[in-house]
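First to last, the protein sequences are chains A and B. The opening position of the first sequence corresponds to residue 1 in my numbering, with each subsequent residue numbered one higher. The opening position of the second sequence corresponds to residue 1 in my numbering, with each subsequent residue numbered one higher.
Hints should not be assumed to be uniformly reliable.
[What the hints assert, rightly or not] Distance windows between CB atoms, simulated: (1) A:35 - B:60: 40 to 46 Å; (2) A:48 - B:71: 47 to 53 Å; (3) B:25 - A:48: 44 to 50 Å.
Worth flagging that the hints you see were computed from the coordinates, not collected in a lab. Heads up, the beta-carbon is just placed ideally off N, CA and C, and yes, glycines get one too.
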Amino acid sequence: MFPIQSLAGIILAYLDPGSGSYLIQLLIAALLGGGFAIKTFWKQISAFFRKVTSKAEPQPQEETKDEQSQ
Amino acid sequence: MSNLNKIASSFRDPSGFMFRRDGVLYRQINKHYQNQYDKLVSSGLLDDLWKQGLLVKSAEVDIQPAEKELAYKVIQPDELPFISYPFEWSFSQYKDAALATLQIQKKAFEKGFILKDASAYNIQFVNERALLIDTLSFDLYIQGEPWVAYRQFCQHFLAPLALMALTDIRLSQLMRVYIDGIPLDLASKLLPGSTKLNLGLNLHIHTHAAAQLKYADDTSAKKQNKGQMNRNAFMGLVDSLESTIKGLMPKGVKTEWGHYYDDTNYSDSSLKEKRDLVGKLIAQASPKTLWDLGANTGYFTRVASEQGIFSIAFDIDPLAVEQGWQEVKAKKESQLLPLVLDLTNPSPSLGWANQERSSFLQRGPADCVMALALIHHLAISNNVPLKTLAEFFAQAGKWLIIEFVPKEDSQVQRLLATREDIFPDYTLEGFENAFSDVYRVRAKEPIAGSKRWIFLLERK
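For reference, chain A alone in the conformation it holds in the complex (with noise of 0.2 Å):
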């Protein structure tokens, strides 16, 4: 990550994001923001739970390669 917040001042934004548009943005991704750490964190435990259980349960791959060459 760059020290952006000097560089406040030349950004280069050359659209007009529009009053209503930038408004509503805010307030849906203050909404949204929630939802969305919420979302990563679940990721997160499920994500380690796959890795236990599958560290648990041994993998099928004799069988795989013995359907392959029949």
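On the provided structure of chain A, position chain B as indicated by the hints.
Chain B in isolation, oriented as in the chain A frame:
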């Protein structure tokens, strides 16, 4: 140097512009963008996006800039064989373009950048994937600032996709009317009321449109609310746009020609014979580029693309183009691009001074044009005189592979069943006379199992 060689669409963003010199396409990066460009390179973002096929590749070149006093660097991007426009895309192409834009935004965010614009015109299809063609679309992320391209993304991507999926697939054509995307109040009116129950569509289209109307004149909004959007909120916004778009699928409407190959005048063997014949004529013309007009899903276009000839399968039917694109992706066909085009009203030149987006013919010519089982639709359904047709094809390409479908053919009989036959010249002889003014006949072959003929013609 004058601006004469500047690419006409390249004027909005002061970060740089495209220009052409000695037939080669370049992009000048202005001093204005020096800081951003250097960080794009040093952060590794350009490399990452190139590796993932999400951004057009470019190389810095040591040539005289087009506008020296403004210039920082000149880069030479890989040139694409054809630039397509959003209103020429099928639903899945459009969806791929939208998701690629969001994926790029997410990758950029990880490196401290944002997309400062989200124009659908910045996306093209290369190697069966959507990629960004504007290297200067990135800006540095400032903590707390909202996404400056949010409105543009909703207008250019979300609104057209929602309308195509939930109102009518043909509404992509609204992009032809509105150069900066479909106004959200219009999208909100056209979408079914039930879409208000979809959280993403409710927020990003309906509520967004209402806010635009309510706060249109509120000039202090930006100043009063500066820096109020944290990183998580930014990522949540992009994530929500992504999941909303992923959830959109069009209704499975079948169109008249959607199952053309189940409903032709060809048996399997004559279809193969016709394919072989087309292959022979393509080999004789030996083109580098081919436009197949009225291609349906691209069955015959593939004869060319499979030989490594860059080919475009144009068809009026968005569902045929959809099927063609699905096949391109499934088979990883890098040389084939299916696109939607109504030949009776082809894409016009659009935008500022009518020069921002080029017309269908301006984006040509192709080396070879193919018009199989098409002529009766244009000459009879659309009343285009045969001579006028010949002149049009001659503008589109040097070589023409064209199938003449006579009146006795059941497909022509079907078109004539509900109307007066006012086409006394629509005969094999009339066809040959009309086309002989602009073309020389290089091959003429009957198509087995039918009364049709196929010609290879070369423009005089």
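Hints, one by one, checked against the model:
no. : hint                    : in the structure
1   : A:35 - B:60: 40 to 46 Å : holds, 42 Å
2   : A:48 - B:71: 47 to 53 Å : holds, 51 Å
3   : B:25 - A:48: 44 to 50 Å : holds, 49 Å
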